[in-house]
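*Asks:* So the chains spell out like this:
Protein chains: 2
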Amino acid sequence: MRVADGLPLAQTEPGHEARARVRFQDPRIEMAHGAGGTASRRLIEGLVVPLAGVSTHAPLADAAYLDIAGTALAFTADSFVVRPLRFNGGSIGELAVYGTMNDLAVSGARPMALLTTLVIEAGLSTQVLEAELRALGEAAARHGVAIVGGDTKVVERGKADGLYITTAGIGRLDSRLTVAASRVQAGDRVLVSGPIGDHGITILLARGDIDLRADLQSDTRSVWPFVEAMAEAAGSAVHWMRDPTRGGVATALNELVRDRGLSIALDEDAVPVRDEVRGACELLGLDPLHIANEGQVLAVVAAAAADAALAAMQAVPGGEQAAIIGQVREERLRTVTVVSAYGGTRIIDMLVGDPLPRIC
Amino acid sequence: MRVADGLPLAQTEPGHEARARVRFQDPRIEMAHGAGGTASRRLIEGLVVPLAGVSTHAPLADAAYLDIAGTALAFTADSFVVRPLRFNGGSIGELAVYGTMNDLAVSGARPMALLTTLVIEAGLSTQVLEAELRALGEAAARHGVAIVGGDTKVVERGKADGLYITTAGIGRLDSRLTVAASRVQAGDRVLVSGPIGDHGITILLARGDIDLRADLQSDTRSVWPFVEAMAEAAGSAVHWMRDPTRGGVATALNELVRDRGLSIALDEDAVPVRDEVRGACELLGLDPLHIANEGQVLAVVAAAAADAALAAMQAVPGGEQAAIIGQVREERLRTVTVVSAYGGTRIIDMLVGDPLPRIC
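Protein chains in written order, with our numbering: chain A, 1127 to 1486; chain B, 1127 to 1486.
The shape of chain A in the complex, shown without the other chains (with noise of 0.2 angstroms):
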């Protein structure tokens, strides 16, 4: 399919054009639809697909790929409405520059430039907006990505939460790469760059809504190190990858099993999980799985390359804890199990509600 004006889509995903109709009945908009699960997927494929007529088969994928004149670039947007502002470990600054870098990564594309623009409520502190400001830059300087230009809105007190941020990014495809969804089979193996559910703990920790202290910070961070390293060491054996962000792990493989028509079996005790996260998730009756993460990549690879990939990851700075947490399975249930240290399997779900509102 092409995009206007003889610009390819250098790749696409099969299955999504023709459920392109408006199938969403729920009467108004609710902040489960924000979170990344399956209100997200229900709005977004059943009301925003169909009516703003995405021209894409992929409208859950992190970025729409263009061909301009033979080069591969990859070209993402997203907003960014935390809260709190500021949380250990990150900011909406940092966060919303390595959230659009990563949904580059992860397309298999070198994050070069970013737009930032910015929704700031009247009265916000010149103190805060200057942090948020500085944390943008520096986060971009960092990664020798460009802050080419953006845009400025005030909305009046009330209207806004403080600051809202939104960044899109253009990247080059890393020809050693080649990610689709159609390119996972039975036998390939997940992994996962690190431990899971930093920073959706974090945040809900940040809001002091709850009774509980724990010494952890938000992964917000580049995960293109982890990419560039598995595109060295095991190329185009790397079959699909996702930034694990809303609706964390467990979403983002029952989208793809779906989207594939095959399962993933996860062995729960090889993903790793800080004991601080393992606790507050008992406490709060939630599962790591469903957890947003910021700075970790989940890879699907093939088998005989996936050692080489996890040794990639590991040898990273910040990759100590990388695994390999599953395997693709050929059972067309499309479905995600996870199996536990005793033997015990449960199905895990897209994440459904909205435990962690406002988490990126």
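Just so you know, the hints here were simulated from the structure itself, not pulled from any lab data.
Heads up, some of the hints might be wrong.
To be verified - Per the computed footprint, the stretches of chain A lying under chain B, defined by three or more beta-carbons under 8 angstroms from a beta-carbon of chain B, are: (1) 1147-1157; (2) 1160-1169; (3) 1190-1196; (4) 1202-1209; (5) 1242-1255; (6) 1267-1281; (7) 1407-1415.
Said to hold, decoys possible - Here are some of the chain A residues that sit facing chain B, going by a computed Cβ distance under 7 angstroms: (8) S1181; (9) R1260; (10) L1262; (11) G1263; (12) K1285; (13) D1287; (14) Y1290; (15) A1294; (16) L1459; (17) T1463.
Where a beta carbon is used, it is the ideal one built from N, C-alpha and C, also for glycine.
Based on the hints, put chain B in the right spot on chain A.
*Replies:* Just chain B, lined up with the frame of chain A:
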């Protein structure tokens, strides 16, 4: 100068880099900082650019230029926070598509692909969202521009004003055009594609805050047809373009004369203004030259090609009232002067304050 990873900025504007230090002293952000006038310029040049490290010489330009393997692209993003969401002649959905398309167009780039991100207030009726998604999709489809992806966030009730939309766009530079403030010369003519102020006054009336009725509608539309017509008729004799949105024609021209170190004289009687707009402005003590437009292009064209460029715009449907409204002068006063039919002259500055908040 260069953007990351070998992407040169194809065009840059001189004179901004030396100013890239924090000079913004206001203790907090107020509505005027988002109005597109002097306060916006202070915020952007004095805080956003130095801290976020915006790596362009033209932070107030409409788009950034990127060169991909010899193909020149323009890349831009804007957030839309217009209140109310729907108004005579348009709505936020249309505005979000045309606003970004127009930023590309006046940068000399044919719009190709858009991304759209939504920040939705919980409780928004699906019907309202549906109407805006439809407006987005129809506006893009009407002009052969692909919406290739996006993002959806939901914030709590009271934390947004229904819906904010951000669009990011990418376009391909028209090789016939090279527009930059540095190309503007004394003697050049100033052209506008049609009557000014329709959008701003329509929004003002739509809010019902003032007891005034007028048969007026927003000029929200794509300006690409005007740009393309001028490219065909005048090519590189088109020296500079801008879509005069927030802050209106006066602010756009003041930015130009300040950047360029020249002056501009406008012929007041030549400026097309509808009676309804003129009447509302007189009543409110506003100048039509400060009122926002969402479907006009302001161009500076070499004198010898000005008539051809004008005729080309007038031949485009909706361009019948295009006019030559002024001339660039050698005087280094960096002022925009308005000359009336009676020979009186006045200096018109950039917009100060925010008489019309949230018009886009």
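*Asks:* Look at each hint and say if it fits the structure.
*Replies:* Evaluation of the provided hints:
no.	hint	verdict
1	1147-1157	holds (count 8)
2	1160-1169	holds (count 4)
3	1190-1196	holds (count 5)
4	1202-1209	holds (count 6)
5	1242-1255	holds (count 12)
6	1267-1281	holds (count 13)
7	1407-1415	violated (count 0)
8	S1181	holds (5 angstroms)
9	R1260	holds (5 angstroms)
10	L1262	holds (5 angstroms)
11	G1263	holds (4 angstroms)
12	K1285	holds (5 angstroms)
13	D1287	holds (5 angstroms)
14	Y1290	holds (6 angstroms)
15	A1294	holds (3 angstroms)
16	L1459	violated (28 angstroms)
17	T1463	violated (29 angstroms)
Checked against the numbered hints given earlier, this structure breaks hints 7, 16, 17; the rest are met.
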